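Asks: Letter by letter, the chains look like this.
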Amino acid sequence: MSEEPEIVLGFYVPPHPHPLLAPEQNEGWGRLREAFDTCRQRIEETDADLMLIYSTVWPSIVGHQIQAHPKPVFTHVDDDFHFLGSMPYEFSMDPEYAEKFKDACEARGLHARTVAYDGFPIDTGSVVALKLLNPDNRIPACIVSSNVYSNRAEQIVLGKAARDAMSELGKKVVVVVVASLSNRMFTEHIDPSEDRIHSAKDDEFNRKILEFFADGRLEDISQLSRDIHGQIRVSKVVAYKPAWWMAATMGQHNNYHGEVLAYEALHGAGGAVIQLTPAEDGVGDKEFDEDDVEYYHGDRSVLDKGML
Amino acid sequence: MAKGEIVLGCLAPHPPHVVYAENPEQNEPFSEGGWETLRWGYHRLARKLKGIDYDCMVVLTPHWMTYVGTHFLGLERFQNISVDPIFPNLFRYHHDIQVDVELAEAMHDSAAESGIITKMMRNPDFRVDYGTIVSCHMLNPDWDKPIVTISSNRSTHYYSNEVMNEQAAALGEAAMKAIEASGKRVVLVASHSLSHRHFVTEAPLPEDMSREHIYNHSQYVWDMKIVQMLREGKTKEVVDILPEMIEQTMAEAEGGGLSWMMAAMGYPDYPAEIYGYQSVIGTGNAIAAWDPNTATRELVL
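In order, the protein sequence lines correspond to chains A and B. Residues in the first sequence are numbered consecutively from 1113, following the numbering used here. Residues in the second sequence are numbered consecutively from 4, following the numbering used here.
The following block holds chain A by itself, in its conformation from the complex (with noise of 0.2 Å):
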């Protein structure tokens, strides 16, 4: 067992199904789906034995869930774009992670379980990534849950949680995140040809966020979490989290060598494919602006303290 665990790559994907099911509707969802097939090339390049998933479009209450299901196996159909088509899959999953995982998440403070039914609903961005990235299941792989409560210091602990578990077994693993940048669609049907980000404000400021991955700044993008949520996010839950797990998962730190492969418009929402390799050199170490977590304590009873 080895003390750090050795992530060998990240992945920032989207999770819309149009580079999946729709790639020669328009141009853009053509270069996201060339990037997650040079994403793919690259990976197979390695000798991961591991993909780990946090998927923004998997909600759970009960705490954190895990896909512990050794080969779940289904026709998936997304809720908005049914119209472009089914999703079947049959994936290889890595049930000995997940259990280590969820062990970790508990040691940590967490509430979590292993999810393991047949039929069980894995979400369209997850279905999306592994069908792209992971095709031919050559890496077992585990998605976790994004809970809808959850905040900064639980999606921190998480990460940690996750590292936890792959320092134990040994895993040379690949990260996905699956998220969005600006996340506001049209709310109307389009023409796939007509297909743009919804807002000059919400394309500036992705085209920021993209400058700091590029940069490999990881760090600094979860510290700018908050912010990033105000600006660009639609509110479906209270917070943009897949930089804060991202960051704790891939070690808290800006030294990554960062390529942005492609960025293009999802029905308006923001959709990138972005490579993080962890590097010696990198942007450097920040000084922090918020308490670094280490066990989640979860709610502190604010509302019980100096009753009368």
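It cannot be assumed that every hint is accurate.
[As the list claims (entries may be wrong)] Here are the computed lysine to aspartate or glutamate pairs in the EDC-like style, where the Cα-Cα straight-line distance is at most 20 Å:
#1 A:1348 <-> B:165
#2 B:122 <-> A:1211
#3 B:237 <-> B:145
#4 A:1348 <-> B:250
#5 B:122 <-> A:1306
#6 A:1348 <-> A:1300
#7 A:1284 <-> A:1211
#8 A:1284 <-> A:1208
#9 B:51 <-> B:35
#10 B:122 <-> A:1300
#11 A:1348 <-> B:247
#12 B:239 <-> B:294
#13 B:122 <-> B:145
#14 B:122 <-> A:1303
#15 B:51 <-> B:112
#16 B:6 <-> B:58
#17 A:1313 <-> A:1339
#18 B:228 <-> B:250
#19 B:180 <-> B:8
#20 B:228 <-> B:243
#21 A:1284 <-> A:1118
[What the hints assert, rightly or not] Computed list of chain A residues with no C-beta within reach of chain B, every gap over 12 Å:
#22 1229
#23 1320
#24 1335
#25 1402
[Claimed, not checked] Chain B is faced by these chain A residues, among others (derived, beta-carbon under 7 Å):
#26 1185
#27 1187
#28 1223
#29 1297
#30 1349
#31 1350
Note that these hints are calculated values from the structure, not bench results. Predicted, not measured: the structure shown is a model, and the values here were computed from it. Note that CB positions come from ideal geometry on N, CA and C, so glycine has one too.
Given chain A, put chain B in place with the hints provided.
Replies: Same frame as chain A, now just chain B:
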């Protein structure tokens, strides 16, 4: 052809726990019961429905979330297993659902004519959401009537609770036009809870009722306020304060169900029939019905 009509409107929450507790043959997990106050209320409402002549049940569900318009199930039959993504330990339900496609298309067209963005869902692999299944199972466990499912457009997320209210009202008015033109007798179902803050942990035995209570008192107070107003027939006032309630209690009415149903029914000013109220994993759930027929309208609780 006689003019179609709404013969009953139901507020029918869909925690999968209630189906789990019933142990129907369609559901894989086994329970020792639980949440009887809700389930017994559902049983009574289901008995009432057995005595009503209706052609179709139309459900607006917040668990078919669409951001691009409002969608309608558009195929005659859906056979599949529905596994709850949140509570897969409780709900793995094998279903065989018949859809009234003719009425779904009529509602779709009526909504589109009124300016609402719409889409028919024609993919045979589509999995019907568990909100629809739970509400319909509890209201009609025999599944002997076709349904129409309408998705929940997430205008609350994209705009505001007030915009949701307006759009849901427009959808309700369009639904009513389609029902009247169809000549059918229809039951409307708003499938959702009231307050909707969950506990994020679960008891080792989920049906352990010693662990069940409302998430906090303010949620309870809001729920009781709404129930009281419904008893008093103040449905327009309820819809008017829903934006505030949603803000304060994360109410699942954010999906538009109640606003849609009340608009379709012309904001009833008669008392709702209250069938039960109980918390499920901290959320507040009320079962209520609006019976336009004064001869069969009851004081239930």
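Asks: Does each hint hold? Answer for all of them.
Replies: Evaluation of the provided hints:
1. A:1348 <-> B:165: With Cα atoms ~16 Å apart, residue 1348 (chain A) and residue 165 (chain B) stay inside 20 Å; holds.
2. B:122 <-> A:1211: violated (41 Å)
3. B:237 <-> B:145: Outside the cut-off at roughly 33 Å; violated.
4. A:1348 <-> B:250: holds (13 Å)
5. B:122 <-> A:1306: holds (19 Å)
6. A:1348 <-> A:1300: Roughly 18 Å between the alpha carbons, so the hint for residue 1348 (chain A) and residue 1300 (chain A) holds.
7. A:1284 <-> A:1211: Holds - the C-alpha atoms of residue 1211 (chain A) and residue 1284 (chain A) are around 17 Å apart, at most 20 Å.
8. A:1284 <-> A:1208: holds (14 Å)
9. B:51 <-> B:35: violated (26 Å)
10. B:122 <-> A:1300: holds (10 Å)
11. A:1348 <-> B:247: holds (17 Å)
12. B:239 <-> B:294: holds (16 Å)
13. B:122 <-> B:145: violated (29 Å)
14. B:122 <-> A:1303: The hint holds at about 14 Å.
15. B:51 <-> B:112: Answer violated: residue 51 (chain B) to residue 112 (chain B) is near 31 Å, above 20 Å.
16. B:6 <-> B:58: Measuring from Cα to Cα gives roughly 13 Å; hence the hint holds.
17. A:1313 <-> A:1339: holds (14 Å)
18. B:228 <-> B:250: holds (15 Å)
19. B:180 <-> B:8: Holds, at roughly 9 Å.
20. B:228 <-> B:243: holds (13 Å)
21. A:1284 <-> A:1118: At roughly 5 Å apart (the allowed maximum being 20 Å), residue 1118 (chain A) and residue 1284 (chain A) satisfy the hint.
22. 1229: violated (5 Å)
23. 1320: Since the minimum Cβ distance to chain B is about 23 Å, residue 1320 (chain A) lies beyond 12 Å and the statement holds.
24. 1335: The assertion about residue 1335 (chain A) holds, with a minimum of 25 Å to chain B.
25. 1402: Holds, because the least Cβ-Cβ distance between residue 1402 (chain A) and chain B comes to about 22 Å, which exceeds 12 Å.
26. 1185: Nearest chain B Cβ about 12 Å off; hint violated.
27. 1187: Hint on residue 1187 (chain A): holds, closest Cβ of chain B at ~5 Å, below 7 Å.
28. 1223: holds (5 Å)
29. 1297: holds (5 Å)
30. 1349: violated (9 Å)
31. 1350: violated (10 Å)
Figure legend: structure checked against the earlier numbered hints; hints not met, in rising order: 2, 3, 9, 13, 15, 22, 26, 30, 31.
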